[in-house]
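K.L.:
Given next are the chains, with one letter for each unit.
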Amino acid sequence: MENPVIDLKGLTKCYGSLKAVDNLNLSISKGEIFGLLGPNGAGKTTTILMMLGLTEPTSGTATVCGYNATTNPIAVKKKVGYMPDSVGFYDSMSALDNLVYIGRLNGIPEAEVTDRALDMLDIIGLGGSAHKKTATFSRGMKQRLGLAEVLLKRPEVIILDEPTLGIDPSGVKEFLTLIHRLSREQGLTVLLSSHHLNQVQQVCDRVGIFAGGRLQAEGSMDKLSRTLTTSEGYMVSIAVREKLPVPWPLSESLRQLPAVQQVTVNGQVAEITCHADITPDLVRFFVQQGLDVMGVHKKQYELDDIYQKYFDDHATETNIHEKSGRLFQRTFTTYQQAS
Amino acid sequence: MKSPAVFSRERLLPISRHPEWFSRPATARGPFSVMVRKEVADHIRSWRFIVLLALIGLTFLGSMYVSLSNIRAVVANPEDTDRFYLYLKFLTITDGTLPPFHVFMNFLGPLLGISLGFDAINAEQNNGTLIRLMAQPVYRDNLLLAKFASALLVVSYLFGALALLLVGAGILTTGVGIEPEEILRIISFVALNIVYVGFWLSLSILLSVRFRQTSTSALTAIGIWLFFTVFYSIGVNLAVKAFLPDPAYVLPYDAVRYNNLVLNLLRLAPGQLYTDATTTLLMPSVRSLGPLTIEQMAGAIPAPLPFRESLLIVWPQVSGLLAATVVCFALAYASFMRREIRG
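Chains as they are written, first to last, in the working numbering: chain A, 669 to 1007; chain B, 180 to 522.
Honestly, the hints are just simulated from the structure, not real lab data. No false leads were mixed into what you were given.
Simulated pairs of lysine to any residue, SDA-like, Cα-Cα distance not exceeding 25 Å:
(1) A:Lys746 x B:Arg216
(2) A:Lys746 x B:Arg518
(3) A:Lys800 x B:Ser225
Coverage of chain A stretches by chain B, computed from C-beta distances (three or more under 8 Å per stretch; other residues unrestricted):
(4) 716-726
(5) 759-769
Selected chain A positions facing chain B (in silico; Cβ < 8 Å):
(6) Ile742
(7) Pro752
(8) Ser754
Since we're looking at a predicted model, the values are computed, not measured. Glycine is no exception: its CB is placed at the ideal position from the N, C-alpha and C atoms.
Produce the entire structure from the sequences given, and follow the hints as far as they go.
P.N.:
Laid out in structure tokens, this is it:
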């Protein structure tokens, strides 16, 4: 990728013995909408704070728009608009005054700052509430005002931390459409973090799945889904009328079929994992053996599964870590890296 | 909230219509002065400041009323070498019903400083505005400095206005012109008040950086203030009684030494420094803040000191207050600059 707008190299942040972000490498090119997805406490916000120079990395570098965020945060903040996950405004000031203040801090000339702020409020759909005090604003309105503030300085990059938090579903769609449109119209690079996976995937060009301080997977939605399918294979579960005996004598001959990897029996259901889609062959086999097939289900990997896999892997890792100490974690992490 | 269709098309027009928007124009005003302006506006609109203003205004009016009604007797007293400093007399005389203004300020000043600064940083953090502010291209120290400067600016205006009111009221009621000497002394009195409030302000800003809860920082600041105004002198007196011999049984030389030691211990309290400095500045006949021996006083004519000499006497006190202010501010700066800021 030539000239990435955001370039993180070996970024690590430790809080005491806890590694919040662990050797993160990521680059985002201009005009891209990147979704940083991960469960709560995955280290998303810490990563973002390091990109803005609001906290110092333990090691590694964060380069944004060509500037090192740790040593030259002011230059970075001139180019980057950041909306934190909990946006707060000066309650005693009106929405317009809040925007104008931020505009002035960004060095917008006095003559145009009010007009620009009003235009922004119109774009964001808060034109009617410009003179209302922000204390009366709902969470969704504050979120919109936050976006207006981010756009007011005409940034090259916008970083939104949990932008959909606390907005109703139709508001989320509207909000994300707006971000998408602005990004396309003005070539803005957008980084948004979220734990609402299905919400953001519709606007992201590329997503990174972040758990336990590590980037577990990265790429477009399609690519992630394909990777998962190839690594996990296809899974077909076939239900029969009679309960299957637990050491199932037929499982050996089933394993002889090409592509079959694993057979597990659970009551009336046989689950067969294979690395190619051989559902018809499997059904034929069952019928030939004289079993009464009641239902066949081929598992398809969807978005939810993608998240589930990566998040669950992380959860298991944490559990094992809690149960049996650090020794296991090492092996588990290596396993994950390999897969 | 508008329907998506509405703001999707028309609402987006302004941006696409102004491509020159994305070229950055020259900076109009530095972020520091923008912040100071906003902070000053916040202070003068806040109820907290209005209440304090009323409180200080009332004590000022009360003590002025008492001194104006007693001024005739004081000026006519031939024993008093300071009697010709009419305007300084306004600030110091009392008939016992109300303490003079500078004594009031001794304990209202800290209250003013604490109330203007105790929630400087932590309130912003709790409201989620601090992280937004820090995401703007401004230096962190600008924020801290703006908080300090804006409160100090408001306080300076307040004391300046009070001093001018005093002089104006004095000229109107007595018709006596003001001496240049008095102008200098009143200006330094005002400056001293500002420095004194500045110390408490920087202390409370330090606490607002250290404590996440505004109530904790306010209580701690008030605790420190109470400690120095009430308990500190009691503690020093107890210690003196316990460790130092009774002055009646020691040599005069030792008595002077012990006395100076006790005074210096008391001067660790900012209120004591303020009292020392104000009395010297407002009462030109005060020649020393410690005990004087008969030999030192021999041949001295009881006359007011010139302004420069009074200033020399209080110089250590003023530098002490300034040093304490700077230390508090430096500590606040050190703990704020490299801290991680989260929403």
